[in-house]
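A.B. asks: From just these sequences and the hints, can you work out the full model?
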Amino acid sequence: GSVRDANSVRAYVRARTYTMPKLSQSDTDVLIGSAWDHGKMHQDLIQIRPLTDSDRPGVARFMEAEWGGPITVVHASVFRPADLPGFIAGRPGCPLAGLLTYVVHRGEVDAGGGTLEIVTLNAVHRQAGVGTALIDHAVAEARRLGCHQIRLTTTNDNLDALRFYQRRGFRLAELRPGAVAESRKVK
Numbered sequence: 038g039s040v041r042d043a044n045s046v047r048a049y050v051r052a053r054t055y056t057m058p059k060l061s062q063s064d065t066d067v068l069i070g071s072a073w074d075h076g077k078m079h080q081d082l083i084q085i086r087p088l089t090d091s092d093r094p095g096v097a098r099f100m101e102a103e104w105g106g107p108i109t110v111v112h113a114s115v116f117r118p119a120d121l122p123g124f125i126a127g128r129p130g131c132p133l134a135g136l137l138t139y140v141v142h143r144g145e146v147d148a149g150g151g152t153l154e155i156v157t158l159n160a161v162h163r164q165a166g167v168g169t170a171l172i173d174h175a176v177a178e179a180r181r182l183g184c185h186q187i188r189l190t191t192t193n194d195n196l197d198a199l200r201f202y203q204r205r206g207f208r209l210a211e212l213r214p215g216a217v218a219e220s221r222k223v224k
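Going by my numbering, the first residue of the sequence shown is number 38, and it counts up by one from there.
Derived by calculation from the structure, the hints in this document are not laboratory data. Possibly wrong hints are sitting among the right ones.
To be verified - Derived CB-CB ranges, DEER-like:
hint, residue 1, residue 2, range
1, 183, 218, 33 to 41 Å
2, 107, 86, 27 to 35 Å
3, 101, 131, 25 to 33 Å
4, 203, 94, 30 to 38 Å
5, 106, 197, 41 to 49 Å
6, 213, 90, 12 to 20 Å
7, 91, 203, 21 to 29 Å
8, 94, 115, 14 to 22 Å
9, 182, 93, 19 to 27 Å
10, 208, 163, 18 to 26 Å
11, 113, 84, 34 to 42 Å
12, 98, 162, 12 to 20 Å
13, 87, 112, 22 to 30 Å
14, 177, 132, 19 to 27 Å
Predicted model, so just to flag it, every value in this text is computed and none were measured. Using N, Cα and C, we set each Cβ at its ideal position, and we do this for glycine too.
C.D. replies: Here it is in structure tokens:
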């Protein structure tokens, strides 16, 4: 079904939380295999590496340019993505082609070994495989850390993001009316 509701004016003030089903070896292999197929044409040009301390000033500038400031608010929690763990995607001529930052929540009742929550995901060039490659690395990292779930939040007026995540195995887990308005009060 469509993600738009009858009251499209209010659609932008709702946040949607997506989670992947609990991860198993076979589920992760299927996700990684199918996700790489989306960026096959460009995947050999994309290099993903962990974010390091020397990257943090550049990430802070990137967040300022892409997100309008150094912080982001998710579930009423304030995050400074430049201070979080994450991955940087690079391509020839574009050392910062994409960025994914995350936090790990341990001990959640429904998540077994924990949840890796994607806080930010940006691809400078869309439909080039960068976002997919970053998601694949987040899935591998979640598995490495023993997490059984990956979660992220986006607004339901961001139809491209909704489509992107659904095509990569994420499913709608929660609809939180008014969450964006609350986040903007903090930000």
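A.B. asks: 33 to 41 Å was suggested as the range; check whether the CB atoms of residue 183 and residue 218 agree with it.
C.D. replies: Because 35 Å falls inside the window, the suggested range holds.
A.B. asks: Regarding residue 177 and residue 132, is the given constraint of 19 to 27 Å on their beta-carbon distance met?
C.D. replies: Holds: the Cβ-Cβ distance is about 22 Å, inside 19 to 27 Å.
A.B. asks: Is it true that the C-beta distance of residue 94 to residue 115 lies inside 14 to 22 Å, as the hint says?
C.D. replies: Holds, at about 20 Å.
A.B. asks: State, for the Cβ atoms of residue 208 and residue 163, whether the hinted interval 18 to 26 Å holds or is violated.
C.D. replies: Check passed, 22 Å falls within 18 to 26 Å.
A.B. asks: Cβ-Cβ distance between residue 113 and residue 84: within 34 to 42 Å?
C.D. replies: holds, 35 Å
A.B. asks: So the hint says 19 to 27 Å: do the beta-carbon atoms of residue 182 and residue 93 match that?
C.D. replies: holds, 21 Å
A.B. asks: If I claimed the Cβ atoms of residue 106 and residue 197 lie 41 to 49 Å apart, would that claim hold in this structure?
C.D. replies: violated, 22 Å
A.B. asks: Cβ-Cβ distance between residue 98 and residue 162: within 12 to 20 Å?
C.D. replies: About 18 Å separates the Cβ atoms of residue 98 and residue 162, which means 12 to 20 Å holds.
A.B. asks: The hint says 12 to 20 Å between residue 213 and residue 90; measuring C-beta to C-beta, is that right?
C.D. replies: violated, 34 Å
A.B. asks: Is it true that the C-beta distance of residue 107 to residue 86 lies inside 27 to 35 Å, as the hint says?
C.D. replies: 22 Å Cβ-Cβ, so the 27 to 35 Å window is violated.
A.B. asks: Does the Cβ pair residue 203, residue 94 satisfy 30 to 38 Å?
C.D. replies: holds, 35 Å
A.B. asks: Please test the hint of 22 to 30 Å on the beta carbon pair from residue 87 and residue 112.
C.D. replies: The hint (22 to 30 Å, Cβ to Cβ) holds, given that residue 87 and residue 112 are roughly 24 Å apart.
Of the numbered hints listed earlier, those contradicted by the structure are 2, 3, 5, 6, 7.
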